[in-house]
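Student: As a plain string of letters, each chain reads:
Number of protein chains: 2
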Amino acid sequence: MTLYMKVAQEFEGQIRTGALQPGERLPSVRSLSRNRKISASTVLQAYMTLEARGLIEARPQSGYYACATRAAVCTPLKMPDLGIKHGPVKTPDIIANMRKAGRDSGFFQLGCAHMDSQLYPVKRLSRLLAKAARENPEHIGQMDFPPGNIRLRRQIARRYSELGCSATADDIILTSGCNEALMLALRAGTKAGDTVLVESPTYFNALEVIHSLGLKTVEVPSDPATGLDLGAVREAFERFPIRAGVVIPNFGNPTGALMPDENKRELVKIFKEHQAWLIEDDIFGELPFSQKRPKPLRFFDSKGVVITCSSFSKTVGPGLRVGWIFPAGLHDEIESAKYLLNGGVPLITTELVADFLESGSYERYLRGVRQELATQVARISEAILRAFPEGTEISRPQGGFVVWVKLPKGLSSVDLYRKAVDAKINISPGVIFSASGRFENYIRISCGSWSDAIARAISKLGGLLK
Amino acid sequence: MTLYMKVAQEFEGQIRTGALQPGERLPSVRSLSRNRKISASTVLQAYMTLEARGLIEARPQSGYYACATRAAVCTPLKMPDLGIKHGPVKTPDIIANMRKAGRDSGFFQLGCAHMDSQLYPVKRLSRLLAKAARENPEHIGQMDFPPGNIRLRRQIARRYSELGCSATADDIILTSGCNEALMLALRAGTKAGDTVLVESPTYFNALEVIHSLGLKTVEVPSDPATGLDLGAVREAFERFPIRAGVVIPNFGNPTGALMPDENKRELVKIFKEHQAWLIEDDIFGELPFSQKRPKPLRFFDSKGVVITCSSFSKTVGPGLRVGWIFPAGLHDEIESAKYLLNGGVPLITTELVADFLESGSYERYLRGVRQELATQVARISEAILRAFPEGTEISRPQGGFVVWVKLPKGLSSVDLYRKAVDAKINISPGVIFSASGRFENYIRISCGSWSDAIARAISKLGGLLK
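Read top to bottom, the protein sequences are chains A and B.
Count the first sequence with this note's numbering and you get residues 3 to 468, in order.
Count the second sequence with this note's numbering and you get residues 3 to 468, in order.
Chain A with its partners taken away, still in its complex shape:
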């Protein structure tokens, strides 16, 4: 990437994240050139690039000013109140097909929530891995029983402590990704036939895990900006014998919703009152566009009802399969279950992540990737609003990298999904985010990658809808 592109990207990030507000003035060409020790023509080229993208405008005799972007000024997505729904989970066949397409490199991947491999810290990891291979060959195939690598558990516990959660390495059990953690939590906290509270919409993998364990769900409305509707949560507890809940409090999937702190506190209180396990999936928590890491539900829990599940799949690397669980009162059951399931997490992978965290590279890396994702989410949001029919609405996430798109009434996301597959574009139709087939006119779009080809794929989707 050339210098002017870097400068342009930096300001784009500031505009996307709101650090530079619409109407605010950018530094003058001369002052930026002097401060950064770069040529005036480089600055000018950067500003012209941003102008061409509609992100800034030149005002004669005055300078360059940040514009309001389309995604930032559109009406945010509002969902109708669908109420509470209780029953077994329907898992549509579409999920298997979506996964198959997700493995096919011939597809544009707007379906699965994975980031462009370029965004992961691969160079740094490769140096650390080569060093570890040379210096600690005996670790390569060495068994590492649950709870797993003490160095990594210390790093994870330290990060919780910095967030104000009381945690030691002994509280953490390493898992092969977040989904395994979720499965272990549900297996330990419920038995077949029990009812689990879920957000509506929510992550389809969680619904499938719930289904595979023979559990039922209560779907409770979740707002695309603020998450779970607490009045509806209270109502659900009054009407149904809820044993546990699965919630994504930070940058929910598929909406990107962020629960306000007071709602988190209240939610923990409700679960505590009803003695139900509150299982939180905090996998996107490290990816706030504002750089201010939101609190996990665990922060508001003093009684041990919250079980926190997370992983490094959305940050260090999805294929490492390094996740963890921070169980409440179920530590020993979950540790034994992890042992029995597959004996632990490979030491090669947990050592690598521990090395990365210990080196201090993780924080630096996170700061950069959050800015990148803010830009990608904004670009894809704008491309969608430009290409899709009038009346399309879109969620406005403050972190993570998925957006939830509401198609105008009468349009079917399942139809769109089928046509998109023929055009070699993979998307996630709304119905898979509900236990009961809701959200026919919604889709989730992953903003993990951005390129001209992705932009064309989004135009194509818009064409298929018209």
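Hints are supplied without guarantee of correctness; some may be wrong.
Dumping the calculated DSS-like pairs for lysine-lysine here, alpha-carbon to alpha-carbon at most 25 Å [as the list claims (entries may be wrong)]:
#1 B:Lys-411 to B:Lys-421
#2 A:Lys-133 to B:Lys-125
#3 A:Lys-421 to A:Lys-411
#4 B:Lys-274 to B:Lys-193
#5 B:Lys-125 to A:Lys-125
#6 B:Lys-92 to B:Lys-8
#7 B:Lys-39 to B:Lys-8
#8 A:Lys-193 to A:Lys-80
#9 A:Lys-421 to A:Lys-462
#10 B:Lys-297 to B:Lys-271
#11 A:Lys-421 to A:Lys-468
#12 A:Lys-468 to A:Lys-80
#13 A:Lys-193 to B:Lys-218
#14 A:Lys-92 to B:Lys-193
#15 A:Lys-193 to A:Lys-87
#16 B:Lys-92 to A:Lys-193
#17 B:Lys-193 to A:Lys-193
#18 B:Lys-426 to B:Lys-102
#19 A:Lys-271 to A:Lys-87
#20 B:Lys-102 to A:Lys-125
#21 A:Lys-80 to A:Lys-305
#22 A:Lys-133 to B:Lys-133
Chain B is faced by these chain A residues, among others (derived, beta-carbon under 10 Å) [claimed, not checked]:
#23 Gly-104
#24 Gln-144
#25 Thr-177
Simulated from the structure, these hints should not be mistaken for laboratory data.
Glycine residues also receive a C-beta, built at the ideal position from the N, C-alpha and C atoms.
Following the hints, complete the assembly by docking chain B onto the known chain A.
Tutor: Frame of chain A; chain B shown alone:
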């Protein structure tokens, strides 16, 4: 290791494996010195070492001759006919304690079936890993969905083909170890409440998995030399509604039994007749002392009733957590279940094993480690027969690295286990190898390590029994 020690070890291996039979003559000092281009004094030192260990004897004017070793001539272990037993699985608390001690480096590890880390090919793996890190950094955190790494699946399929089993890469699904494969097979092939046929005795992890899935067992007697009693298998099928069986045909755990080919063929036939899934755990199949790799049950299956589970944990490295499943008619169910469970196996680990196999190092490595294990099993067997009370019997495995020890009547392995824990020695008491608490006077000893300290630990065990 000095040259004379290498020569001594080579002949020890030949004697232990039976390549050199009791009474057979070793090469003369002069001829071996000439053929190997080593000094006569080196050969002489090697022979004197073997003589001191009681493995060979010098006959005046004639040369050196192989002796019969104690473990080779003792009466092989015979078990009384305990009959068939049906019911839910009891999982004793002892297993959790055993695992805890298994993670404690202060213990002598005769309990868990892990090899000395020195026996794994760590140097070779470390070079391959450092090379892969430099050359393919983008693979490090890259997602690799089930069925997993195609290069490794090709290598696994090729090995089955060489054994005469029809197999392609598409038949194989990679798993995080053999236990996960077993769990996936049982989940796909049974439902809670079903009955599963197991060997008696059998591997305790399998019993725990069966228990965790809400299944019942029928325990069927398994001979320490030839494995499952086929008459009893037929009887079990007549008396109980068996949905599946879990069998270790090659070097069973805990006995080391090897099923003769005709028994394997017959077993597959019985399962086919009753339309039950035959799940084989072939994890020790690659470790025959004779260097002749026995056939998996799959070889005898033309109708797709056998589901083969295995892993590289007993060969390349236990901590890599790279296993696989070769399902019969349940391929798609198991692939989806693996996806849902934890998303796949880390590419770092599967690439490393694929590199190792493709390089041709695996075969060379296996030849060496089989000989080492033959020697270790014989040494530990002899140490047990020397230290334990009169009347102790021991299984005589032809591969793998566990032995099954029958204590004289009236002695309790649970008592021994408790005393051994106080002496910082970890063993596996017999009761954990039964769903119904059988085998109180048996123990399994892992022969994965050998050292003077291990020899002392075995003497100590003998002392505790007296």
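Student: Take the hints in turn and mark each one as holding or not.
Tutor: Hints, one by one, checked against the model:
1. B:Lys-411 to B:Lys-421: holds, 18 Å
2. A:Lys-133 to B:Lys-125: The hint holds at about 14 Å.
3. A:Lys-421 to A:Lys-411: Holds - the C-alpha atoms of A:Lys-411 and A:Lys-421 are around 18 Å apart, at most 25 Å.
4. B:Lys-274 to B:Lys-193: Between B:Lys-274 and B:Lys-193 the Cα gap is close to 19 Å, so the pair holds against 25 Å.
5. B:Lys-125 to A:Lys-125: holds, 24 Å
6. B:Lys-92 to B:Lys-8: Violated, at roughly 47 Å.
7. B:Lys-39 to B:Lys-8: Judged against 25 Å, a Cα distance of about 14 Å means the pair holds.
8. A:Lys-193 to A:Lys-80: Roughly 35 Å between the alpha carbons, so the hint for A:Lys-193 and A:Lys-80 is violated.
9. A:Lys-421 to A:Lys-462: holds, 10 Å
10. B:Lys-297 to B:Lys-271: With a Cα-Cα distance of about 16 Å, the restraint between B:Lys-297 and B:Lys-271 holds, given a limit of 25 Å.
11. A:Lys-421 to A:Lys-468: holds, 12 Å
12. A:Lys-468 to A:Lys-80: holds, 22 Å
13. A:Lys-193 to B:Lys-218: Between A:Lys-193 and B:Lys-218 the Cα gap is close to 18 Å, so the pair holds against 25 Å.
14. A:Lys-92 to B:Lys-193: Judged against 25 Å, a Cα distance of about 19 Å means the pair holds.
15. A:Lys-193 to A:Lys-87: Holds - the C-alpha atoms of A:Lys-87 and A:Lys-193 are around 20 Å apart, at most 25 Å.
16. B:Lys-92 to A:Lys-193: holds, 19 Å
17. B:Lys-193 to A:Lys-193: holds, 15 Å
18. B:Lys-426 to B:Lys-102: holds, 12 Å
19. A:Lys-271 to A:Lys-87: holds, 22 Å
20. B:Lys-102 to A:Lys-125: violated, 37 Å
21. A:Lys-80 to A:Lys-305: violated, 35 Å
22. A:Lys-133 to B:Lys-133: holds, 11 Å
23. Gly-104: Constraint on A:Gly-104 satisfied, holds at 7 Å.
24. Gln-144: For A:Gln-144, the interface hint holds, since the closest Cβ of chain B sits about 4 Å away, which is under 10 Å.
25. Thr-177: At 8 Å from the nearest chain B Cβ, A:Thr-177 passes the 10 Å test, so the hint holds.
Violated hints, in rising order: 6, 8, 20, 21; the structure is consistent with all others.
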